[in-house]
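> Use these hints to put chain B onto chain A, whose structure you have.
Just so you know, the protein sequences line up as chains A and B, in that order. Its first residue numbered 1, the first sequence is counted upward by one per residue in the working numbering. Its first residue numbered 1, the second sequence is counted upward by one per residue in the working numbering.
What the hints contain is simulated information worked out from the structure, not anything from laboratory work. The C-beta atom is built at its ideal place from N, Cα and C for all residues, glycine as well. Treat the hints with care, as some may be off.
Keeping only pairs whose Cα atoms sit at most 20 Å apart, straight-line, the calculated DMTMM-like set for lysine to aspartate or glutamate is [said to hold, decoys possible]:
1) Lys82/A - Asp311/B
2) Lys392/B - Glu31/A
3) Lys128/A - Asp365/B
4) Lys393/B - Glu34/A
5) Lys392/B - Glu44/A
6) Lys390/B - Glu30/A
7) Lys392/B - Asp26/A
8) Lys393/B - Glu30/A
9) Lys390/B - Glu31/A
10) Lys389/B - Asp26/A
11) Lys389/B - Asp53/A
12) Lys393/B - Glu76/A
13) Lys139/A - Glu31/A
14) Lys390/B - Asp26/A
15) Lys390/B - Glu34/A
16) Lys392/B - Glu34/A
Between beta-carbon pairs, the in silico distance windows are [said to hold, decoys possible]:
17) Glu44/A - Tyr299/B: 43 to 49 Å
18) Asp311/B - Leu127/A: 26 to 32 Å
19) Thr377/B - Arg145/A: 19 to 25 Å
Residues from chain A that face chain B, not an exhaustive set, calculated with beta carbons under 7 Å [stated by the list, open to error]:
20) Cys59
21) Gly60
22) Ala85
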Amino acid sequence: MRGLRKLKRCLGYNFYFQISNYLNMDLYREEILEHWQNPQNWGEISAADFIIDQINPLCGDQVTFYFKIKKGKIGEVSFTGKGCAISIASASILSETILNKPVSALAKITGRDVLRMIGGPVGPARLKCAFLALEAVKKLGGDERLKTD
Amino acid sequence: MAYLDNASTTQKPQVVIDTISDVYKNHYANIHRGVYDLSVEATDLYEGVRAKVAKFIGAKDSGEVIFTKNTTESLNLLAYCQGESLTGGDEILLTEMEHHSNIVPWQMLRDRMSDVGCRIKIKYIPIDSKGRLELGKLDKLVTKKTKIVSLTLMSNVLGTINPIKEIVKRIRELSTVNREPAPLVLIDAAQAVSHMKVDVGDLGCDFLVFSAHKMYGPVGVGVLYGKREILSRLPPFLSGGDMILSVSFDKTTFNEIPWKFEAGTPNIADVIAFGEAIGFLEKLGYEYVGKYEMGLTKYALERFSKDPDIDIFGPKDLKERGPVVSFNVANIHPHDVASILSEEGVAIRSGHHCAQPLMGVLGIDFACRASFGVYNTKEEIDWLIEGIKKVKKVFRI
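Here chain A stands alone, though its shape is the one from the complex:
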């Protein structure tokens, strides 16, 4: 697995992303398993400024994100949820990425960015799992109440 990380760094994430399909990469790679076993920023924030629920009705994966906004930035973020390893890992990794970022940056995060963050592509059947957290986070980015901040 260490060799894999080195490979990704040497090739550059973009190139790795392009070729990873051909390398027949394992879906349950280290990034996914580590974040599934020890999700970062797990829990609720009492007196959160925003609480956003996201459910995938087809499979029942669910995440709830908690945000505290400080001067237009994500001052605090946490999440809870019930779902497959992909959805939990994706939420964990995304929560790390958006901490201290301006709210205005959230709308710019793409699905491709998320796949890069979680270490590569997932099959078409699991895309919704990978993007569940992103949909919750983007809801915050699009929230009218934040546009005046």
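What follows is chain B alone, placed relative to chain A:
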């Protein structure tokens, strides 16, 4: 690939696939409409299958067999049509193990009636820790106000086979005690019908519903059986062509059963092919099918029980269950289990199996499910077990 998701839908024998093609090529015209030979031929083939289904389930006459789209549509038909006979204070009795299609239409009926000021109650027969119905509670649950009892013959999650004969007998006894007409009994045989002989006379039910696609037949064909005297009294469900006798601008008179409940051009070729699926099962014989599938189930349960990380749901006693085995692997999400198994060439189902209330009763959100059909083998169960070992390895358990 090992296809172990037969509870969801079954693969089709060549004769069923060929029949659909053959009908469209050589015997296809609209039915009940034309006087030309091809239409008469198509009509005879279609109605021939109705008679075949009636014989298959032990119905007294083929007028008691209605073709719908699937079990869900059959249940909706009954909720809408039989539901119209309910009044405020009436009760419907279901069970905790029902599929959404045998819960949601009744809830919607309750809500529709509530909108016009009529309150009906829905009650549920609970299940015990082994996944069997707590029949001891029947005496309290069936009251003077119970008008409809609707339950599954075989659970699509637990595999539990409910003792319908015993239940119907008890319900009839209770209504004698209550001095009320017995509630109507509706049986959901969708899961059971490919695994065991279903005879409506033997079960003693008033209605029976099932789908062709779960018994090696095509999708788009469902069956609703109902006793003639009950169906004749019901108002129609969908309306339009074929279900009428006469139409004027002011009003319409309706056709007699079964056609009263078959509006519009039906699924002609698929109904005819469904007849071949029935033939396929009858040729194998339920004795063979039951013995073979339960042999697979016994083997699967034995191998599962050797792994302390696998939780099995439903009765362990083979006499009380069918070839549907729901399970979980440690704390791994069923979707992850199913994903890895898919990579190993094994298809199982994962999720809530359209039984979210049951999931809640079992204390879980989701489960994996392996379900067997006549074409599965012991070797495929070995692949399943090996696949589960791989799942545990990936998740470091």
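> All hints are to be evaluated individually against the structure, with a verdict given for each.
Hint check results:
1. Restraint check: the Cα-Cα separation between Lys82/A and Asp311/B comes to about 19 Å, which is no more than 20 Å; the hinted pair holds.
2. Between the alpha carbons of Lys392/B and Glu31/A the distance comes to roughly 17 Å, so the proposed pair stays at or under 20 Å and holds.
3. For the hint pairing Lys128/A with Asp365/B, the CA-to-CA distance comes to about 18 Å; that is within 20 Å, so the pair holds.
4. Distance hint between Lys393/B and Glu34/A is fulfilled; the C-alpha atoms sit about 14 Å from each other, no more than 20 Å.
5. This hinted pair does not check out: Lys392/B and Glu44/A have alpha carbons roughly 30 Å apart, beyond 20 Å.
6. A distance of roughly 16 Å separates the Cα atoms of Lys390/B and Glu30/A; the hinted pair therefore holds under the 20 Å criterion.
7. For a cut-off of 20 Å, the pair hint linking Lys392/B to Asp26/A stands: about 15 Å separates their Cα positions.
8. Distance restraint check for Lys393/B and Glu30/A: the Cα-Cα separation of roughly 13 Å lies within the 20 Å cut-off, and the hinted pair is therefore satisfied.
9. A C-alpha spacing of about 18 Å is found between Lys390/B and Glu31/A, which places the hinted pair at or below 20 Å, so the restraint holds.
10. Pair hint Lys389/B plus Asp26/A holds up; C-alpha atoms about 16 Å apart against a cutoff of 20 Å.
11. A threshold of 20 Å between alpha carbons decides the hint, and for Lys389/B with Asp53/A the separation of about 34 Å lies outside it, so the pair is violated.
12. The hinted pair formed by Lys393/B and Glu76/A fails the criterion: a straight-line CA distance of about 35 Å is larger than 20 Å.
13. A C-alpha spacing of about 25 Å is found between Lys139/A and Glu31/A, which places the hinted pair above 20 Å, so the restraint is violated.
14. Pair hint Lys390/B plus Asp26/A holds up; C-alpha atoms about 13 Å apart against a cutoff of 20 Å.
15. Distance check on the hinted pair: Lys390/B and Glu34/A sit about 18 Å apart at the alpha-carbon level, within 20 Å; holds.
16. Distance hint between Lys392/B and Glu34/A is fulfilled; the C-alpha atoms sit about 15 Å from each other, no more than 20 Å.
17. Between Glu44/A and Tyr299/B the C-beta distance comes to about 45 Å, which sits within the given range of 43 to 49 Å.
18. In this structure the supplied range 26 to 32 Å holds for Asp311/B paired with Leu127/A, their Cβ-Cβ distance being about 29 Å.
19. A hinted range of 19 to 25 Å is violated for the C-beta pair Thr377/B and Arg145/A, which are about 59 Å apart.
20. Hint status for Cys59/A: holds, given a least beta-carbon distance of 6 Å to chain B, under 7 Å.
21. For Gly60/A, the interface hint holds, since its Cβ comes within 7 Å of a Cβ in chain B; the closest pair sits about 6 Å apart.
22. Nearest Cβ of chain B to the Cβ of Ala85/A: about 5 Å, under the 7 Å cut. The hint holds.
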